[in-house]
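Heads up: take any position in the sequence shown, counting from 1, add 99, and you land on my numbering.
Keep in mind that the hints are not guaranteed to be accurate.
EDC-like mimics (lysine to aspartate or glutamate), calculated; alpha carbons at most 16 Å apart, straight line [unchecked claim]: (1) K198 <-> E146; (2) K158 <-> D112; (3) K435 <-> E352; (4) K443 <-> E404; (5) K250 <-> D287; (6) K286 <-> E258; (7) K210 <-> E146; (8) K158 <-> E116; (9) K246 <-> E292; (10) K281 <-> E294; (11) K281 <-> E260; (12) K281 <-> E258; (13) K435 <-> D186; (14) K310 <-> D209; (15) K435 <-> E183; (16) K210 <-> E225; (17) K445 <-> E161; (18) K435 <-> E356; (19) K158 <-> E111; (20) K435 <-> E357; (21) K281 <-> E292; (22) K198 <-> D209; (23) K158 <-> E451; (24) K286 <-> E249; (25) K443 <-> E161; (26) K246 <-> D287; (27) K444 <-> E161; (28) K158 <-> D119.
Each pair of labels, with its calculated beta carbon distance range [unchecked claim]: (29) S185 <-> V280: 45 to 53 Å; (30) H379 <-> R219: 37 to 45 Å; (31) N440 <-> D412: 18 to 26 Å.
Source of the hints: derived by calculation from the structure; they are not laboratory data. Here the structure is a predicted model, which means the values were calculated and not measured. We put the beta carbon where it would ideally sit given N, CA and C, even for glycine.
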Amino acid sequence: MGLEFEKIAALEDVARELNDSRLRWAVTNGLGEYPDSIGRDLDVLVEGPLGLAVSHVIKVLESAGWVVLPNRQGWIWWIVAFRESSDGSLISLQVDLFKHLQWAFTWVVDKVGNKEDLIRRGPFYEDPVAAVGKRFMLHALSTGITKFREKPAYLDFSERELAVLPSILTRLSGRHWPEIVKAVSSKDLTLLESELGSFRRRCLLNAIWTKRPIARLASAIQKQWVVNLFPRQGAPVIELTSGNDCESRKLLETITEEFRNLVYQEVQVVEDSAKKKARHWCRLSCLQVVLIFVNTPIPAGLKAEITLGRDEDDQIYWKSQGLDSRCNTESTRNLKIFLLNFFKKKSSVLKEQYRFGAVAIRH
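Modelling step: build the complete structure from the supplied sequences, incorporating the hints.
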């Protein structure tokens with residue numbers, strides 16, 4: 100079985116578990132070309148106890164031999180999981196769970212659609228309204244047309260998605276936007292850009308006078324706190340102090356490639372951490388970007404979880420708390436074993452931190 104199909108099989112098991120749990124849930128993004136392939140991560144909207152959904156995901160993955168890292172960042176849970184595949188390589192997946200998606204005070208997505216409006220794909224339920232909110236609305240409100248220039252496929256709407264777009268625009272802003280619908284259907288970025296400024300202002304005004312203003316304000320503050328003001332370390336932080344020789348560079352290339360094959364959002368090699376403020380690097384780590392600091396200080400607020408250096412015999416090693424390995428740069432096998440053990444230790448810490456194991460969190 101190929102790596103992609105091992106990942107798909109695991110996510111199908113997750114979907115079946117959520118179906119059996121009787122929770123209301125739907126995929127908002129990430130199914131991709133399923134069943135032939137699937138996206139980097141699966142975004143899942145949940146109605147009901149979010150912690151219960153998280154515990155179901157963890158249970159089904161761990162029972163199949165995955166090492167699971169539950170990471171809560173404010174309003175969203177990122178469940179990242181790793182396993183050694185049948186061919187000896189590392190395989191990874193990610194499931195993001197949330198109860199709403201928000202821009203400023205506007206809740207772009209806040210509930211699962213009626214069952215008859217959902218699209219069944221294998222064991223998965225896909226919500227076209229939530230999919231438009233996740234893939235189009237959030238980017239249109241936060242960055243204008245920038246994301247659509249980078250990823251034109253975000254404007255590839257299905258017939259069902261295009262049909263629900265007018266009602267979503269009206270719900271969020273309080274009025275009709277035929278020009279935005281026209282711009283999306285024709286992929287006219289110039290027309291879309293000319294309309295989004297007014298649309299953004301209307302959404303802000305409409306959100307202020309809509310229901311649950313206190314909850315929306317609290318959620319907006321929480322998002323700013325978690326992502327922009329005081330972001331916490333999330334993805335692994337790696338420090339390389341072994342020098343700039345050929346052997347060290349080869350090891351850097353090896354570990355960078357290994358992480359790029361995993362599910363993380365991105366891998367950045369940093370050779371001068373002083374070029375950006377510490378908060379910038381903390382925010383990237385929070386948003387699932389793996390940071391590799393090469394012969395440069397680790398910024399305040401971050402801690403190296405894996406260190407690559409030289410011992411007193413001038414041998415290269417990599418180590419993490421409680422783990423130590425001598426390096427053979429001709430083979431990546433030792434590195435894969437080390438990383439899997441690293442993820443196991445991190446999983447234990449995170450599950451203890453969030454009290455997973457014996458009881459399910461129900462909030």
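Hints and how they fare:
1. K198 <-> E146: Status holds; Cα separation ~6 Å.
2. K158 <-> D112: holds (11 Å)
3. K435 <-> E352: Measuring from Cα to Cα gives roughly 14 Å; hence the hint holds.
4. K443 <-> E404: Measuring from Cα to Cα gives roughly 13 Å; hence the hint holds.
5. K250 <-> D287: With a Cα-Cα distance of about 14 Å, the restraint between K250 and D287 holds, given a limit of 16 Å.
6. K286 <-> E258: holds (14 Å)
7. K210 <-> E146: holds (6 Å)
8. K158 <-> E116: Status holds; Cα separation ~9 Å.
9. K246 <-> E292: holds (12 Å)
10. K281 <-> E294: holds (11 Å)
11. K281 <-> E260: It holds: about 14 Å lies between the C-alpha atoms, which stays within 16 Å.
12. K281 <-> E258: Cα-Cα ~14 Å, so holds.
13. K435 <-> D186: Between K435 and D186 the Cα gap is close to 12 Å, so the pair holds against 16 Å.
14. K310 <-> D209: holds (12 Å)
15. K435 <-> E183: holds (9 Å)
16. K210 <-> E225: Status holds; Cα separation ~13 Å.
17. K445 <-> E161: Answer holds: K445 to E161 is near 14 Å, not above 16 Å.
18. K435 <-> E356: Holds. K435 to E356 sits at ~12 Å (cutoff 16 Å).
19. K158 <-> E111: holds (14 Å)
20. K435 <-> E357: holds (8 Å)
21. K281 <-> E292: holds (12 Å)
22. K198 <-> D209: Holds - the C-alpha atoms of D209 and K198 are around 6 Å apart, at most 16 Å.
23. K158 <-> E451: Holds, at about 15 Å.
24. K286 <-> E249: holds (13 Å)
25. K443 <-> E161: holds (11 Å)
26. K246 <-> D287: Given that 16 Å is the threshold and the Cα spacing comes to 14 Å, the pair holds.
27. K444 <-> E161: holds (14 Å)
28. K158 <-> D119: Between K158 and D119 the Cα gap is close to 13 Å, so the pair holds against 16 Å.
29. S185 <-> V280: 45 to 53 Å: For V280 against S185, whose Cβ atoms are near 47 Å apart, the range 45 to 53 Å holds.
30. H379 <-> R219: 37 to 45 Å: holds (42 Å)
31. N440 <-> D412: 18 to 26 Å: Because 23 Å falls inside the window, the suggested range holds.
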